[in-house]
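**Student:** Chains A and B, in that order, give the protein sequences.
Just so you know, the working numbering puts 89 at position 89 of the first sequence, and the rest follows in order with no gaps.
Just so you know, the working numbering puts 96 at position 96 of the second sequence, and the rest follows in order with no gaps.
Take these hints with a grain of salt, some might be off.
[Said to hold, decoys possible] Straight line, CA to CA, 20 angstroms or less: simulated EDC-like cross-link-like pairs of lysine to aspartate or glutamate: (1) A:Lys99 <-> B:Glu104; (2) A:Lys60 <-> B:Glu44; (3) B:Lys24 <-> B:Glu11; (4) A:Lys77 <-> A:Glu15; (5) A:Lys68 <-> A:Glu42; (6) B:Lys68 <-> B:Asp57; (7) B:Lys78 <-> B:Glu104; (8) A:Lys52 <-> A:Glu63; (9) A:Lys99 <-> B:Asp56; (10) A:Lys56 <-> B:Asp56; (11) A:Lys56 <-> A:Glu42; (12) A:Lys52 <-> B:Glu104; (13) A:Lys99 <-> B:Glu44; (14) A:Lys99 <-> B:Asp57; (15) B:Lys78 <-> B:Asp57; (16) B:Lys24 <-> A:Glu42; (17) A:Lys68 <-> A:Asp84.
Please keep in mind that the hints were generated in silico from the structure rather than gathered at the bench.
Values in this document were obtained by computation on a predicted structure and should not be read as measured data.
Next come the chains, spelled out residue by residue.
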Amino acid sequence: GNSVTQMEGPVTLSEEAFLTINCTYTATGYPSLFWYVQYPGEGLQLLLKATKADDKGSNKGFEATYRKETTSFHLEKGSVQVSDSAVYFCALSIGGAQKLVFGQGTRLTINP
Amino acid sequence: DAGVIQSPRHEVTEMGQEVTLRCKPISGHNSLFWYRQTMMRGLELLIYFNNNVPIDDSGMPEDRFSAKMPNASFSTLKIQPSEPRDSAVYFCASSSAGGPYTGELFFGEGSRLTVL
């Protein structure tokens with residue numbers, strides 16, 4: 001089946017630290033990969049995406065590279081801010097389907 | 001532009017009562033999804049519709065749950081009878097299935113359900 005595994009949280013960092021949140025996937029087909037972010041009290045919103053191997057998605061200083069050989073899509077940011085505190089979800093879809101399979105989410109807290 | 005609108009935002013009810021959650025998708029979107037979020041199980045897809053037709057309801061927990069989409073601008077998720085283990089945040093999301101594929105779902109702010 002199709003599934004997504006994220007590193008367990010919570011993750012707590014100081015402002016300006018480097019961030020990595022690991023994400024690996026299992027897919028029966030050729031997936032598209034996504035990172036969604038959920039700020040407190042809100043619904044999820046798309047942060048970035050990549051639709052084929054070696055693509056790099058980027059937005060708001062966050063980046064993730066689609067690595068087919070390691071079935072990974074790790075989220076990185078060079079210098080985090082307090083406003084980045086949120087829950088981050090890795091997700092995949094297969095074959096252009098709108099249905100997404102989400103990982104369990106990783107809670108990130110940034111301290112000033 | 002208005003986003004996905006869900007109501008109620010918060011619902012507290014007693015075990016055995018009927019609960020109805022409502023969702024208005026973004027105008028022009030033809031796919032609608034209901035997700036449930038809990039600490040233990042994370043984000044689970046319950047059911048989704050394309051052009052008002054249910055496509056995949058394999059995530060619906062049991063017969064106590066039902067979802068309808070009578071038209072393109074409205075959907076309901078009903079739980080009858082409700083149980084304490086149904087306590088969760090229920091999200092509605094919509095997307096456009098036509099045109100270039102984006103994979104982007106637009107989520108509402110959620111309905112937090114507490115069953116006592």
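**Student:** Would you mind marking each hint as holding or not holding in the structure?
**Tutor:** Here is how each hint holds up against the structure:
The hinted pair formed by Lys99 of chain A and Glu104 of chain B meets the criterion: a straight-line CA distance of about 10 angstroms does not exceed 20 angstroms. This hinted pair does not check out: Lys60 of chain A and Glu44 of chain B have alpha carbons roughly 27 angstroms apart, beyond 20 angstroms. For the hint pairing Lys24 of chain B with Glu11 of chain B, the CA-to-CA distance comes to about 18 angstroms; that is within 20 angstroms, so the pair holds. About 11 angstroms separates the Cα atoms of Lys77 of chain A and Glu15 of chain A, which keeps this hinted pair within 20 angstroms; it holds.
Only pairs whose Cα atoms come within 20 angstroms are accepted, and Lys68 of chain A paired with Glu42 of chain A is rejected, the gap being roughly 32 angstroms. For the suggested pair Lys68 of chain B and Asp57 of chain B, the alpha carbons sit about 11 angstroms apart, so the restraint of at most 20 angstroms is met. With a CA separation close to 26 angstroms, the supplied pair Lys78 of chain B and Glu104 of chain B exceeds the 20 angstroms bound. Taken as a hint, the Lys52 of chain A and Glu63 of chain A pair is honoured in the structure, with Cα atoms around 15 angstroms apart against an allowance of 20 angstroms.
A threshold of 20 angstroms between alpha carbons decides the hint, and for Lys99 of chain A with Asp56 of chain B the separation of about 9 angstroms falls inside it, so the pair holds. Taking the CA atoms of Lys56 of chain A and Asp56 of chain B, the gap is near 31 angstroms; set against the 20 angstroms cutoff, the hint is violated. Under the criterion of a C-alpha separation no larger than 20 angstroms, the hint pairing Lys56 of chain A with Glu42 of chain A is inconsistent with the structure, at around 26 angstroms. As the CA atoms of Lys52 of chain A and Glu104 of chain B are separated by approximately 16 angstroms, the hinted pair is consistent with the 20 angstroms bound.
Pair hint Lys99 of chain A plus Glu44 of chain B holds up; C-alpha atoms about 11 angstroms apart against a cutoff of 20 angstroms. The hinted pair formed by Lys99 of chain A and Asp57 of chain B meets the criterion: a straight-line CA distance of about 12 angstroms does not exceed 20 angstroms. At roughly 14 angstroms between alpha-carbon atoms, Lys78 of chain B and Asp57 of chain B fall within 20 angstroms of each other, so this suggested pair holds. Proximity of Lys24 of chain B to Glu42 of chain A is assessed by CA-CA distance (about 16 angstroms); at most 20 angstroms being required, the pair is judged to hold.
In summary, the hint linking Lys68 of chain A to Asp84 of chain A is not supported, as the alpha carbons are separated by about 27 angstroms, beyond the 20 angstroms threshold.
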